[in-house]
Amino acid sequence: MEAFIQPGFWIFVLAMAGIYGVFSLGLQIQYGVAGVMNFGHVGMMAITGYAIAILVIRFQWSFWWAAFVGVALAALGGALLGLSTLRLSGDYFAIASIAFAEITRYWILNSDGITGGAQGTLAIPNPRGFGGYTDEPEVILTWIVDRLTPYLGDNASRDLAVLLVVWPFFFLFLWISARLQKTSWARVLRATREDDDVPRSLGKNVFRFRLQALIIGSVFGGIAGAFWAVQFMLLAPEDFLRIVTFYGWMILILAGATRVKGLAIAAIFFGFLYGATRFVEFWPISLLSAPERSYLRIFLIGVVLIALMVKRPQGLFGKRQEMVLE
Amino acid sequence: MAILEVRDISVSFGGIKPVRGVTFSVEAGSFTSIIGPNGAGKTSLFNLISGVNKIDAGEISFKGQTIHKLHAHEIASRGLVRTFQGAKVIKRLTVAENLMMAVQGNPGDSLWRFFTPRSRSKFEKHARELAMERLDRVGMTKYADDFAGILSGGQRKLLDLSRALMTNPSMILLDEPFAGVNPTLVEKLLEVLASMRKQHEITFLLIEHDLETVMNISERVIVMAEGKIIADGLPNSIYENEQVVDAYLGSRKRGA
Ligand SMILES: Nc1ncnc2c1ncn2[C@@H]1O[C@H](COP(=O)(O)OP(=O)(O)O)[C@@H](O)[C@H]1O
Ligand SMILES: [Mg+2]
Chain F
1 MEAFIQPGFW
11 IFVLAMAGIY
21 GVFSLGLQIQ
31 YGVAGVMNFG
41 HVGMMAITGY
51 AIAILVIRFQ
61 WSFWWAAFVG
71 VALAALGGAL
81 LGLSTLRLSG
91 DYFAIASIAF
101 AEITRYWILN
111 SDGITGGAQG
121 TLAIPNPRGF
131 GGYTDEPEVI
141 LTWIVDRLTP
151 YLGDNASRDL
161 AVLLVVWPFF
171 FLFLWISARL
181 QKTSWARVLR
191 ATREDDDVPR
201 SLGKNVFRFR
211 LQALIIGSVF
221 GGIAGAFWAV
231 QFMLLAPEDF
241 LRIVTFYGWM
251 ILILAGATRV
261 KGLAIAAIFF
271 GFLYGATRFV
281 EFWPISLLSA
291 PERSYLRIFL
301 IGVVLIALMV
311 KRPQGLFGKR
321 QEMVLE
Chain P
1 MAILEVRDIS
11 VSFGGIKPVR
21 GVTFSVEAGS
31 FTSIIGPNGA
41 GKTSLFNLIS
51 GVNKIDAGEI
61 SFKGQTIHKL
71 HAHEIASRGL
81 VRTFQGAKVI
91 KRLTVAENLM
101 MAVQGNPGDS
111 LWRFFTPRSR
121 SKFEKHAREL
131 AMERLDRVGM
141 TKYADDFAGI
151 LSGGQRKLLD
161 LSRALMTNPS
171 MILLDEPFAG
181 VNPTLVEKLL
191 EVLASMRKQH
201 EITFLLIEHD
211 LETVMNISER
221 VIVMAEGKII
231 ADGLPNSIYE
241 NEQVVDAYLG
251 SRKRGA
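In order, the protein sequence lines correspond to chains F and P. Using the working numbering, you'd call the opening residue of the first sequence number 1 and step up by one each time. Using the working numbering, you'd call the opening residue of the second sequence number 1 and step up by one each time.
Careful: at least some of the hints might be erroneous.
[To be verified] DSS-like mimics (lysine-lysine), calculated; alpha carbons at most 25 Å apart, straight line:
hint	chain 1	residue 1	chain 2	residue 2
1	P	K91	F	K261
2	P	K125	F	K182
3	P	K63	F	K182
Source of the hints: derived by calculation from the structure; they are not laboratory data.
Hey, can you work out the whole structure from these sequences and the hints?
The structure is reproduced here in structure tokens:
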């Protein structure tokens, strides 16, 4: 119970909420705007994270170039996924997208010589002998920590520095995407959520619009992957399980899929829900083992989501008409 | 001059052959109606012309260029636009947004123009004005900012028609725009069509299953049955065509 009242833990939760927020912003553009159900979003995060680790550790690239290329690769991943499967109907695309993420993860798991395999990025063959990939961002994080230590003492942690870097970016991305969603580009996509024939009959290349939305969403997934890579300083294949995609979806559902502004609050809400359920240790739940409790936690989050869906199908911030009309 | 030429086109879905060797051409600026009983293949024909479905055989050309290999959106961009049977509106866009989506050449449709917000917002303003103008003509300005989902069936027809006209088409295919619409509204729709014809050089091809409704407005009537054209001529001549009387009008006349 002690950790529950420690600010350090909640700072970590908030930093993660920011990263997950950027992650689910990608889903918001794909699903909330374009109606594309991507259940393989975690794949983009894995691609960028691992691209950074490999390029920096094995090829001694600068972190910044590696991050740039890593995000570009996530975009490319989105493009390939879309070009090969986006012409399928929505349900089939959803399944194909899961396969995409799983294939990515299996490839990472089984390519020891490149990715470090099951041991994670620590095992990436390193010409310099030893070292991580975060040296360059670490300079910035340390600088922030040093500035804050006089005021906050021990609370001026690395997590806090990550938080202070991630959240402004998150807000910037929210702002950009709110503007994007006011364009006629987004209007066409909102139309395609309901019907393809109408926009087509008005001369809109529906496939192009959807593909673009998928790629933009993938870019945000990739950026979240870069933040994630910095936050944890090492990566392993099990960081990128399907469940991560669904955490992103949970935030999106909490926010209301069509409301970009709710995403920040939903991300915090999700973070606290996720963090707080870790401390549900009283009897009779305390009778369960730790792994059982972690399942219970996902179960509890699910219950909250279902209750929310029943009460407010439009999410915490959505417009009801947009969800339940007819 | 023929704007649309359809040569011996057919399509089959599984065992069903909704269109079987249809040939006709449409003069630019004319008003032609296609009539025929339910299941005659009228909507299927429109789906083929507009590129929603691909033909199995034959050829379709528009303004002298073959179009049957193009995607639906490419055909629409060339000025051949259609409406759908039962009026499709985007329920979760506002009435004005439904119309604004139809204005062609919107720079905001291109992602790259995200970085030139001024040209985008200028065009949006222009599109909004056009939409309001169009709504004014059908007496629906007060619904501009409501979701289209709240509209009645008749209002949806008006919106659907207005939206197709907003694309500034050279030719428009209307699939039963009058079905299930009350007589007053039919008058209004006919009025809109007539005024569009006067002001713009639009070619109309209209599906209707009732001959009387389109008698006055049509210059020519094509009768379809079982995937084929069984008669083609002036509206009056259709009444005298024996095959038509047998296949279609006859049953009604006997019933009456
Ligand atoms: N995409 C399709 N797949 C299978 N059958 C179809 C398809 N489109 C039309 N049909 C069939 O073609 C026939 C003609 O239908 P339709 O063109 O809608 O007739 P109409 O519009 O004249 O009432 C019907 O039997 C219909 O079921
Ligand atoms: Mg029909």
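We went through each hint and held it up to the structure:
1. Note on K91(P) and K261(F): the hinted pairing holds, with a Cα-Cα distance of about 23 Å set against a maximum of 25 Å.
2. Distance hint between K125(P) and K182(F) is fulfilled; the C-alpha atoms sit about 13 Å from each other, no more than 25 Å.
3. For the proposed pair K63(P) and K182(F), the alpha carbon gap of about 36 Å is over 25 Å, so the pair is violated.
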